[in-house]
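If you read the protein sequences in the order shown, they are chains A and B.
For the first sequence, the UniProt record's numbering puts the final residue at 165, and the numbers step up evenly by one.
For the second sequence, the UniProt record's numbering puts the final residue at 165, and the numbers step up evenly by one.
Think of the hints as simulated: they come from the structure by calculation, not from any bench.
Hints may be right or wrong, so weigh each one.
[To be verified] Below, a list of computed lysine-lysine pairs in the DSS-like style, where the Cα atoms sit at most 25 Å apart:
no.	chain 1	residue 1	chain 2	residue 2
1	B	Lys62	A	Lys37
2	A	Lys37	B	Lys7
3	B	Lys33	A	Lys62
4	B	Lys37	A	Lys7
5	B	Lys37	A	Lys62
6	A	Lys33	B	Lys33
[To be verified] Far from chain B, some chain A residues (derived; all Cβ distances over 12 Å):
no.	residue
7	Ser5
8	Ala17
9	Ala19
10	Arg77
11	Leu80
12	Asp90
13	Ala98
14	Glu99
15	Glu101
16	Ala107
17	Gly148
18	His154
19	Ala164
Treat the numbers as computed from the prediction; the structure is a model and nothing was measured.
By construction, the Cβ of each residue, glycine as well, lies at the ideal position given by its N, Cα and C atoms.
Number of protein chains: 2
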Amino acid sequence: MTVTSDKITARPAEAGAMAGLAELIGCAGTPDKLINKGLCGRFHDLAALDIVDGRAGISLFKSEVFSLPFRLEMMERHPLGSQAFIPMSDEGFLVVLAEDENGRPGAPRAYRTEPGQAVNIGRNVWHGVLTPLGGSGVFAVIDRIGDGANLEEHWFDTPYEVVAD
Amino acid sequence: MTVTSDKITARPAEAGAMAGLAELIGCAGTPDKLINKGLCGRFHDLAALDIVDGRAGISLFKSEVFSLPFRLEMMERHPLGSQAFIPMSDEGFLVVLAEDENGRPGAPRAYRTEPGQAVNIGRNVWHGVLTPLGGSGVFAVIDRIGDGANLEEHWFDTPYEVVAD
Numbered sequence: 001m002t003v004t005s006d007k008i009t010a011r012p013a014e015a016g017a018m019a020g021l022a023e024l025i026g027c028a029g030t031p032d033k034l035i036n037k038g039l040c041g042r043f044h045d046l047a048a049l050d051i052v053d054g055r056a057g058i059s060l061f062k063s064e065v066f067s068l069p070f071r072l073e074m075m076e077r078h079p080l081g082s083q084a085f086i087p088m089s090d091e092g093f094l095v096v097l098a099e100d101e102n103g104r105p106g107a108p109r110a111y112r113t114e115p116g117q118a119v120n121i122g123r124n125v126w127h128g129v130l131t132p133l134g135g136s137g138v139f140a141v142i143d144r145i146g147d148g149a150n151l152e153e154h155w156f157d158t159p160y161e162v163v164a165d
Numbered sequence: 001m002t003v004t005s006d007k008i009t010a011r012p013a014e015a016g017a018m019a020g021l022a023e024l025i026g027c028a029g030t031p032d033k034l035i036n037k038g039l040c041g042r043f044h045d046l047a048a049l050d051i052v053d054g055r056a057g058i059s060l061f062k063s064e065v066f067s068l069p070f071r072l073e074m075m076e077r078h079p080l081g082s083q084a085f086i087p088m089s090d091e092g093f094l095v096v097l098a099e100d101e102n103g104r105p106g107a108p109r110a111y112r113t114e115p116g117q118a119v120n121i122g123r124n125v126w127h128g129v130l131t132p133l134g135g136s137g138v139f140a141v142i143d144r145i146g147d148g149a150n151l152e153e154h155w156f157d158t159p160y161e162v163v164a165d
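Construct the entire structure; sequences and hints are all you get.
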């Protein structure tokens with residue numbers, strides 16, 4: 001018997017669809033404030049940093065660059081903190097999210113960001129690993145700095161295949 | 001009498017030269033940790049977020065893009081918090097810093113970052129406004145979210161001219 005992978009279609013990232021799992025961070029609409037003599041717009045306070053028993057810090061991730069279709073073998077979550085991924089290239093990336101179902105990820109949902117967008121994944125929310133789809137693969141990551149176990153992984157018996165829409 | 005501007009040469013950003021005023025955030029050397037089955041390197045906890053009477057948050061700045069020579073008319077500082085600038089394009093930007101001299105900026109120093117580098121400006125350190133030198137002009141900014149006066153400006157009688165090296 002051949003086991004075929006379930007396919008997940010990567011949809012354009014949209015704040016409403018991701019609500020409750022992650023925040024989409026982008027320059028949407030008009031800035032909250034114009035600064036620098038009107039030459040710069042500030043889009044203010046776009047993500048809830050949710051850190052338990054530690055502090056928020058800035059790290060850099062330098063990842064391999066991937067392409068679709070992408071084989072989704074594993075999802076992970078961080079019980080002690082949110083995790084924001086900020087691309088340092090003007091390229092989109094793949095974000096895979098899932099609701100929790102009795103301690104394991106439910107049906108994964110896949111989103112593809114636009115250039116200029118970042119994502120803040122909620123504390124203890126199941127997500128795929130960092131998956132740049134272009135550019136340098138360098139991201140700034142705003143997440144918890146602290147001791148203690150802050151990683152839970154779930155490996156799928158049959159990997160999913162994330163495909164372009 | 002003609003007043004000529006003093007020239008400041010923008011040097012390559014270097015962590016040592018900026019020490020005490022700002023932190024250079026980049027993927028220097030080997031990662032602190034390999035994650036995602038070795039496909040991603042984590043450069044861990046690269047900046048000191050120094051926030052007084054508030055909390056750190058993520059905002060986006062969308063700025064005009066500048067070129068050198070740049071006319072430096074003003075410097076500012078934020079007494080209540082550090083401010084990290086993370087470019088969301090793979091392009092460098094201009095960073096102007098100065099020591100304090102009796103409540104006003106001393107001789108400004110100018111640095112030009114490499115693509116893939118971010119900068120965290122120390123709390124209450126005099127600096128120029130955000131000055132992208134290429135790309136989309138979109139930056140993630142990690143700074144203080146909170147009420148109260150957190151901006152002090154100093155306008156120069158005679159602007160400086162920042163030039164390429």
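Against the structure, the hints come out as follows:
no. : hint              : verdict
1   : B:Lys62 x A:Lys37 : holds, 13 Å
2   : A:Lys37 x B:Lys7  : holds, 23 Å
3   : B:Lys33 x A:Lys62 : holds, 11 Å
4   : B:Lys37 x A:Lys7  : holds, 23 Å
5   : B:Lys37 x A:Lys62 : holds, 13 Å
6   : A:Lys33 x B:Lys33 : violated, 38 Å
7   : Ser5              : holds, 18 Å
8   : Ala17             : holds, 20 Å
9   : Ala19             : holds, 17 Å
10  : Arg77             : holds, 14 Å
11  : Leu80             : holds, 15 Å
12  : Asp90             : violated, 4 Å
13  : Ala98             : holds, 17 Å
14  : Glu99             : holds, 22 Å
15  : Glu101            : holds, 24 Å
16  : Ala107            : holds, 22 Å
17  : Gly148            : holds, 15 Å
18  : His154            : holds, 15 Å
19  : Ala164            : holds, 20 Å
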